[in-house]
Each structure stands twice: as structure tokens, then as C-alpha cells.
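Generate the whole structure from the sequences, applying the supplied hints.
Number of protein chains: 2
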Amino acid sequence: MPVTEMDADLRLIEALRRRRGADRAAAFSSRYLPLLDDELRRAVGGLGAELGGVEGAVSRAVGVGGSGGRRWRPLLTFAAARACGGDPAEAMGVAAAVEVTHTASLVLDDLPCMDDDETRRGLPATHRLVGPAGAILVAIGLLGRAGELLAASPREGAELCAEWGRCFGLRGMAGGQAADLAGWRTGATRRLLREKTTALSSFAVTAGARAAGADAGSREALAAFGRALGWAYQLADDAQDEEQDAAAGRRCPSRAPRRHAARLLRLAEERLARTSGLVPEGAELLSAFARSIVPLPAAEHAA
Amino acid sequence: MPVTEMDADLRLIEALRRRRGADRAAAFSSRYLPLLDDELRRAVGGLGAELGGVEGAVSRAVGVGGSGGRRWRPLLTFAAARACGGDPAEAMGVAAAVEVTHTASLVLDDLPCMDDDETRRGLPATHRLVGPAGAILVAIGLLGRAGELLAASPREGAELCAEWGRCFGLRGMAGGQAADLAGWRTGATRRLLREKTTALSSFAVTAGARAAGADAGSREALAAFGRALGWAYQLADDAQDEEQDAAAGRRCPSRAPRRHAARLLRLAEERLARTSGLVPEGAELLSAFARSIVPLPAAEHAA
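Protein chains in written order, with our numbering: chain A, 1 to 303; chain B, 1 to 303.
You may find that some hints are simply not true.
Claimed, not checked - To give an idea of the interface, some chain B residues facing chain A are shown, with a C-beta separation under 10 Å as derived from the structure:
| # | residue |
| --- | --- |
| 1 | 26 |
| 2 | 27 |
| 3 | 50 |
| 4 | 108 |
| 5 | 112 |
| 6 | 129 |
| 7 | 131 |
| 8 | 142 |
| 9 | 163 |
| 10 | 177 |
| 11 | 178 |
Hints were generated in silico from the structure; no laboratory data involved. Think of the CB as a built atom: it goes at the ideal place given N, C-alpha and C, for glycine as much as any other residue.
Okay, here's the thing in C-alpha cells:
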């Protein structure tokens, strides 16, 4: 068989494998997202009940009942638990903590003194509902609840809390946001800037691994995967913004960031595939989620 | 001996006992506060180093090197550890976490959208140094570091993190601050308002108890003591403000809140004295700190 035909067959096999992964990821999401919604409702229900509009603002920020975005971070947590041989349901509280932490960061990012966004997911931002002070306290309240959820994990509660504290602090998400606001794009600040996204995407997967009792080797491979995914997401997201600018005639977009994002993802998947002891179904789910999360045209993904 | 003379003798004995308690508390503070300062320096040193003025703002907010207020909350943590038969040094990280959490709350309270204070302890408030967004991220960073410190406790890391999450969240400090900002003083909101102070004063003592491996009975007695102390502090502090208003001719202050504060403290001390298994020296330290913390005239304390 000529090389070109073999290449075409291999590409077809790969495409079919990816389609199967995407189908399984969709089924997995359909199964666990409703359970997550129940857990989130329990986790934040009644928070701020004494405080007028605060309780409603908390539920809306978290998106209880369906307006909560794609929830890809907790899906990574479930998939990581599966990849480490665990039952994703065991990671329910931990996955909720990941989503609640993400929500806290969005509430803060939208503040007038930060990114000054009036809407989030098509609805008024939290500070539009309860004022900036109220929004700050909602975010703090959400972090507090996330800590409670992580500490209550049947496995590794203390380790989860330690990693989470680092994840959202000044060497993680808060530091990344500060670097972003400062507008510095060089040296150490550039590395810190990445943490805005990578800290939580990495924590999302290692948290699932910890909830499933994974060994250190699996955890490290998954952490690297989570970091690569977060970084690829940010690169591709920025590229999308740049493309929109280019469409508006402002400048010519470079394809380099997207190529870099695609390469990061591919290397991370290859490392996952090489990590012994991971359940193939879970690793396949992680790959499928990664591909649906990172906004790359199919051509770049296949590259 | 006539009753009045016996009364006078009892009062003298009580006064001497209190003097001894105060002396021991002073010696205890002199011993552990420098160690706490070292721990705080290690805990927050380098945080925000990539971010221009942020690192300095963090150190100043925490008061590393001596401008950090009386540090009565971590002193309570040390004393509680002692009361539960532990070595206060074992509670070092936990005590630092208590102080760092307190600092985070001050940084947020001073924000223009909250209490709008330009100075703290005679120095510019954090938001005056790094802007409101920077101050919010400093506070988040401090909370993250506090979580790491608690999770690293050699004993009960997960339990400490769970209690701490509840302490600073919407059922604790953040909820109390929200109630205060809303200006509601009735029903459930009034109870929540107390949490602004009592949540952390209670956590400070139970954290020390957990670090020392105390049983649930001791922990509960200490938690009640911490709550009473926090509430008495708030009552007496408000009474002081009211007295200043009265001195300015605005209204006639009531003595009721101070009497109530003194009564709360006395009952809490009596409960401590009745709790079996506590080390008397530690309980004496807690009483002495309580009396130095709550701003009551000596006459009310003795009442």
C-alpha cells in the first residue's frame, strides 16, 4: 500500500478514535454534570440567607440550575479520578470546590477595579447585584465554602487544602491576576501571568487524582497535563481575540500561538499515554475534554 | 473577722491572683511573639515578589518586624495550646495562620468600598500602597497562605481547614462584615454581625486546642470562651466609641453594654475553671489575655 494511502488510513483511524472519545466525553458529562449541580446547590444553598440579595447572588454566580458555563474544570476532576482508577462520584465534593473556587475568581475579576465587566454569562455580574463590597464578600464566602468542601474529602483533605491555598494565592491565581492587571509581560511576571489559568486547571486534575488516592507519579503526570491544558487554553483564547482584532482590520494575527497551543496539548497527551497505571478510559476522557476546551480549529488539533 | 474585712481580704487575694496572671501573660508574650514574628516572616516573605510593590505591601500589612498590633489572636492560640497540655511552639504555624487571616480581613475592611480607611496602625492602608485591586489580591493571597499553614499542621490539618473555611466565610467573618455594611441590627442579621469578631476569636482558641491534640470537650469549652471574649470585645469597643460620642456632647452613654461584656467574660472564665483536663497555667493565661484584650475599666472587670 502506498505511503499516502497508509497516511490517509492512519488519519481516518485517528479521527474515529477522537470521535469515539468525544462521544464518551459527552456521555460522561451528561452523567456527572447533573450530580455536580445537586452538589453545588447543597454547597452554596443558604449561604448569605440573612443578607437580603446575597443568597440569590451566590446561587447565580455559581450558576446553580444550569447557567454555570461549561464546567470543564470539575469535569477534568471527575475524569482525573477515573484515570486514577477511582469512582468519579467520590470526587464530587472536590469537583464542587474546584468550580466554587473558579466562581470566586470570576466574581473578583468582574469588579470595577479589576476587569470592570458588567455582565457574566449574559447576566448581570455579581457586583451589579450586590455592589462591589458585597461581591468581594461573596467571593470570600465562596472560597471559605470551597475550603470546607476540600477539607471534608474522604481522602487527603489536608493535602488538598494545602495545594488549593497555593493554587488561589499570590503564587497562583491571585498572582496571575495581579500580573495581568499590571500589564507586565516579561520574565518572572510572564511566568506568574500563566498561573492565572494554569494554577486552577492543574489543581482541577490533581484534586481528582488525590480524591481517587492516586500515587505521586500519576499525580505529577496529571498536574503537567492540567498545566499544559491551561496554558494552551490561554494561548488559543488570546489568539481568538487577536483574530477578532485582525478581522476588525487592526493587525495581522500570527499563527504561532495556536501552533504552540496545539503542540503543548499533543505533548501532554503523549505524556499521559506513557504514564503507567492510568486507566485508559480516564486518559481518553481527559484528552477529549482538553480538545473540546481549547478553542483550536480542527486543522491545528490534528497537526 | 467582720464580713467587710473578709471581703477586703478576698478582694486583695483576687487582685494579687490577677496581678500574677498578668505578669505571667507578659512573660509568655515576650517569649512567643518574637518566634511568631519569625514564623510570619517565613510565611509571607517573598509573596508577590514578582509584582513590584506587592511584596512590601504584604509584609507591611502583616506587620512583620514589629508594627503588627498586639497580636492577641495568635497569643490566644498559644495559650489554648498550653491549656490543652501542648507545647505552644507546636501551634506556631497555626497561630501564624490566625494572624494572617486577621490581616486579610483588615486589608479588605479598609477598602474604599468597605470602611474606607486610609490608614491602619498609623501607616497607609494596603489599598493606598497597591490600589484597591492590588489590596483585594493581597488579601486573597494571605488567605491562600493561611490555608497552606493550617493544612501543614502536624495535627488535624483537614479539621483546621474546615473550621477555618467556615470561620472566614459568609457564616463567619465575611457574613459579619456584610451585615455590618448593610447596617442591619435585628434578628438573624444581628447574630451574624457578631460573627465579624467572634468567628476568629473562637477559631483562634480552638485552633490552638487542635494543634495540641485536645479532646472535643476541652475544644468546646475553649470555643465558647473564644466566642464570649470576641463578643465582650465588640461590646466594650462599641461602648468606648459611644463614650467618645458622649464626651463630644452627642448623647448619654449606657453602662449596660460594658456590664454585659464583663458578665460574659466572667461566665466564660468560670466555665473554663470547671472544664476538667485543662492545664491551670494555660487557663490562667487565657483569662489574663482576655482581661487585657477587652477594654473595660478595672471596676467593671472586678464586678
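Against the structure, the hints come out as follows:
1. 26: Where the cut-off is 10 Å and the nearest Cβ of chain A is about 34 Å from residue 26 of chain B, the hint is violated.
2. 27: 33 Å, violated
3. 50: The hint holds - residue 50 of chain B has a Cβ within 10 Å of chain A, the shortest such distance being about 4 Å.
4. 108: 6 Å, holds
5. 112: 9 Å, holds
6. 129: Since chain A brings no Cβ nearer than about 13 Å to residue 129 of chain B, farther than 10 Å, the hint is violated.
7. 131: 7 Å, holds
8. 142: 8 Å, holds
9. 163: 8 Å, holds
10. 177: Nearest chain A Cβ about 6 Å off; hint holds.
11. 178: 5 Å, holds
Against the hints set out earlier in the document, violations occur for numbers 1, 2 and 6.
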